[in-house]
Each structure stands twice: as C-alpha cells, then as structure tokens.
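Undergrad: Given next are the chains, with one letter for each unit.
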Amino acid sequence: MTNFLVVDDSGVIRKIARKMLEELGFAVAEACDGVDAIKACESAMPDAILLDWNMPNMDGITFIRALREKPEGEAPKVVFCTTESDFSHISAALEAGANEYIFKPFDMDTLRDKLSMAGVAA
Amino acid sequence: MNPQDLTHFATLLKARTGIEVDAQKDYLVQSRLATIAGTAGHESVDDLLRAIRTAPDERVLEAAIDAMTTNETLFFRDQTPFDHLRKIVLEPARRKGGTVRIWSAACSTGQEPYSIAMLWEEVAHHLPGVRLEIMATDYSNACLTKARAGIYSAFEVQRGLPVQKLMKHFEPDGPNWRVKDNLRQSITWRRHNLLDNPAAMGRFDVIFCRNVLIYFDRATRSKVFDNLNGQLKDDGYLILGASENVMGVTERFRGDASSPGLYVKTGLAAPMPRAVGA
Chain A
46 MTNFLVVDDS GVIRKIARKM LEELGFAVAE ACDGVDAIKA CESAMPDAIL LDWNMPNMDG
106 ITFIRALREK PEGEAPKVVF CTTESDFSHI SAALEAGANE YIFKPFDMDT LRDKLSMAGV
166 AA
Chain B
6 MNPQDLTHFA TLLKARTGIE VDAQKDYLVQ SRLATIAGTA GHESVDDLLR AIRTAPDERV
66 LEAAIDAMTT NETLFFRDQT PFDHLRKIVL EPARRKGGTV RIWSAACSTG QEPYSIAMLW
126 EEVAHHLPGV RLEIMATDYS NACLTKARAG IYSAFEVQRG LPVQKLMKHF EPDGPNWRVK
186 DNLRQSITWR RHNLLDNPAA MGRFDVIFCR NVLIYFDRAT RSKVFDNLNG QLKDDGYLIL
246 GASENVMGVT ERFRGDASSP GLYVKTGLAA PMPRAVGA
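Chains as they are written, first to last, in this note's numbering: chain A, 46 to 167; chain B, 6 to 283.
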C-alpha cells in the first residue's frame with residue numbers, strides 16, 4: 046500500500062485530506078509542520094507527501110528543500126497543497142522538487158487527477 | 006444551516022450562474038460543499054457559508070459556486086481523445102503536410118479547444134509543413150464569451166491541467182489565470198447550433214463532439230450526426246464522449262475497432278432510423 050504523509054498545520058485540513066486519501070486507498074500519516082514532517086520522514090520515508098506552504102516552525106518550501114537533500118529524500122512524490130497560487134510560489138516549489146501543485150480549496154476529482162499527474166497510485 | 010447565510014450564498018449563486026437553490030434544497034448545498042468547506046479550512050458547510058457572507062474570499066466563493074454547478078468541463082478531459090489526435094491524426098500528417106482542420110463542436114467554456122491548442126504547441130516543432138486550424142463553436146453566448154476571454158479561476162484551472170502546463174500556457178490575472186495570447190489567437194470562435202447547417206464552416210479532418218449528444222433525444226441526435234457527417238472529410242474522425250456512441254441512432258458512422266472512442270464515416274446515406282413502434 047502506498048504510504049502518504051499529510052503535512053498541514055490545520056487539523057481540519059489534515060482530517061479531510063486523510064479521509065479523501067484513505068477513500069482513494071492510501072495509508073495516511075500526519076505531520077503538523079515541517080519539523081514534525083522531517084521527523085516522520087526520518088522514521089519512515091513515505092511514498093508521497095501532501096504539503097502545505099505556510100506553517101509554524103518550518104514552512105513547506107524549507108521542508109521540501111531539506112527533504113530533497115536527505116538520503117532517499119528524492120523518492121517521495123511531493124504535491125504542494127496551498128492557498129499560495131502566484132507564479133513565483135509555484136516556480137519556487139517546482140525548482141525545489143515538487144511534483145504537482147494544488148490550490149486550496151479543492152475537490153476529490155482534482156485531488157485524484159493531480160495525484161495521477163504526479164504519478165502517485167494507491 | 007443558518008437561513009441568512011444560505012440566502013446570501015443562494016443570491017450570489019443565482020446572480021452568477023442562474024441556478025436557484027432554496028431552503029428546501031439545503032441538502033444539495035450540504036453535499037456539494039462538504040469537501041470545499043473542509044479543504045478551505047472550515048469545520049462545516051455552515052462555517053463556510055458564514056465566512057462567505059461575513060468575510061468573503063473570492064477564491065473560496067468561486068470554488069463553492071463551481072461545486073454547485075454540474076459543469077463537468079475540464080482540461081484534457083478523458084485524455085484518450087488527445088492521445089488519438091496526436092498519434093492517429095497529427096503525427097501521420099507529417100508525411101503529406103498541409104493543413105489539419107479540427108472542429109470542437111460543443112466547446113462550452115473553452116477547455117477542449119485550449120487543450121487541443123496546448124497539445125499542438127507541444128508537437129508542432131516535430132511536424133514541419135503541417136498547419137493546424139481549430140474552430141470552436143457553442144450555442145451559448147455566455148460560454149463563448151468566457152471561452153474567448155480564456156480566464157479561469159484557480160479552481161477551474163487545476164482541473165485536468167498539470168502544473169507544468171499551467172505555467173507554460175497561462176498567465177496570472179488577479180486571482181485568476183488567463184490563457185496566453187498566442188493560444189487564444191490560434192482558435193477561431195463562433196456561435197453555432199448543432200441543429201443548424203454547418204456547411205459554411207467547411208470540412209474538417211477531426212470533429213470533437215463530446216458529452217453533448219446525451220442531452221438530446223434520438224431524433225435530434227440523428228439530425229446532429231447528419232450535420233457532422235456532412236462536415237467531416239471522408240478519411241476524417243469523429244470523436245464522441247466516453248459514454249456516447251452511434252449505436253441505434255445513425256449508420257453514417259462506425260467505431261474504429263483499433264481506437265475506442267474514434268468514429269469513421271461508413272459512406273452510407275442512411276435514413277434516420279425510426280424507434281420501434283413509432
């Protein structure tokens with residue numbers, strides 16, 4: 046089973062993202078910011094990550110840069126999932142190694158499509 | 006559900022789309038907006054509607070309105086037709102060169118012709134000597150106006166579109182995204198009723214007529230097939246929606262066995278079939 050890590054400081058969003066991803070057949074773990082997510086990755090590298098941008102302690106862009114430096118850190122597919130929808134944020138995310146980008150809010154069809162585009166399958 | 010919040014949202018929905026929702030349909034609002042509420046960070050649909058009334062955020066409102074409509078238009082819908090277009094029509098055109106004419110016959114708000122134009126930009130440099138013409142028509146003036154403008158909300162633009170294509174073919178336009186000028190200008194837009202004679206548009210190598218015939222009765226579908234048959238070149242392809250086919254409606258087209266979803270002309274001038282007992 047594909048292991049997903051949802052990284053978001055909003056408990057509401059983690060909860061609904063977990064529900065949607067589990068419905069799609071993924072095993073889901075959660076982290077509440079970049080620091081928490083790094084620890085989770087060091088403990089068990091996930092296959093895919095749904096990543097918020099703005100979070101306390103460590104934001105999404107800092108996290109993905111740190112992740113991609115790690116041994117095996119190139120492996121997880123990373124899908125940003127954020128309200129940051131301007132050109133510069135998306136460019137920075139792609140340069141840092143993001144595989145896809147979702148604007149909040151989104152629906153199940155969009156999530157399914159974007160995961161498929163990123164090459165993530167349950 | 007707070008009546009004041011629901012009324013406020015219903016008023017906005019009616020003004021922007023013409024769709025009416027009253028208190029008796031609050032279950033519909035609840036079911037359609039549950040995911041949007043959650044992914045916007047709200048505990049419930051009630052909280053979402055309250056926020057729309059008291060602290061409006063255009064992006065969230067657009068997503069909520071879009072979720073309330075049954076509009077299923079998205080970029081690169083079903084993908085397979087676009088793969089067929091590339092492999093079966095565009096790449097073989099390299100041998101003989103010339104102009105390939107494509108008609109998006111029910112283009113709605115433009116996602117289909119723009120998808121074709123994006124595909125063409127990606128393959129054109131491999132096909133010297135080939136030119137592409139895209140004609141996009143719809144009956145709805147409102148849809149055509151939006152299609153021509155090429156402006157889509159953040160919610161709409163991510164449906165079916167990989168982020169790399171978004172960055173390549175679109176520009177930010179306030180909270181929205183606008184198709185780049187070169188792409189918009191590569192398409193000819195025209196209002197057209199599928200029941201009217203399309204002869205003035207000339208003949209086409211490929212006609213996309215997807216997900217519109219399902220709204221017509223059998224006699225009307227037959228008439229539309231007659232019209233499409235007249236505008237399709239003898240070696241051309243008709244592309245229907247994934248849930249549509251010609252069976253029992255017309256003998257002018259048959260499925261291409263090697264390429265599901267593609268239809269070719271049979272050359273038969275078949276009369277419109279009558280329903281049993283009619």
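Just so you know, these hints were derived from the structure itself, not from any lab.
Computed from a prediction, not measured in an experiment: that's the story for all the values here.
Ideal Cβ positions, reconstructed from N, Cα and C, are used throughout, including at glycine.
Just so you know, not all the hints are guaranteed correct.
[Said to hold, decoys possible] Stretch-level coverage of chain A by chain B, calculated; a stretch enters the list once three of its residues show a Cβ under 8 Å from a Cβ in chain B:
(1) 75-81
(2) 86-96
(3) 131-138
(4) 148-154
Undergrad: Taking 8 Å as the C-beta cutoff, is the stated coverage of the region 86-96 of chain A by chain B satisfied by three or more residues?
TA: Result for this restraint: violated, n = 0.
Undergrad: Is the coverage entry for the region 148-154 of chain A by chain B consistent with the three-residue Cβ rule at 8 Å?
TA: holds (count 7)
Undergrad: Mind taking a look at whether chain B covers the region 131-138 of chain A? Criterion is 3 or more residues with CB to CB distance under 8 Å.
TA: holds (count 4)
Undergrad: For the region 75-81 of chain A, count the residues whose Cβ lies under 8 Å from any Cβ of chain B; is that count three or more?
TA: Check failed, 0 qualifying residues.
This entry does not satisfy hints 1 and 2, going by the numbered hints stated previously.
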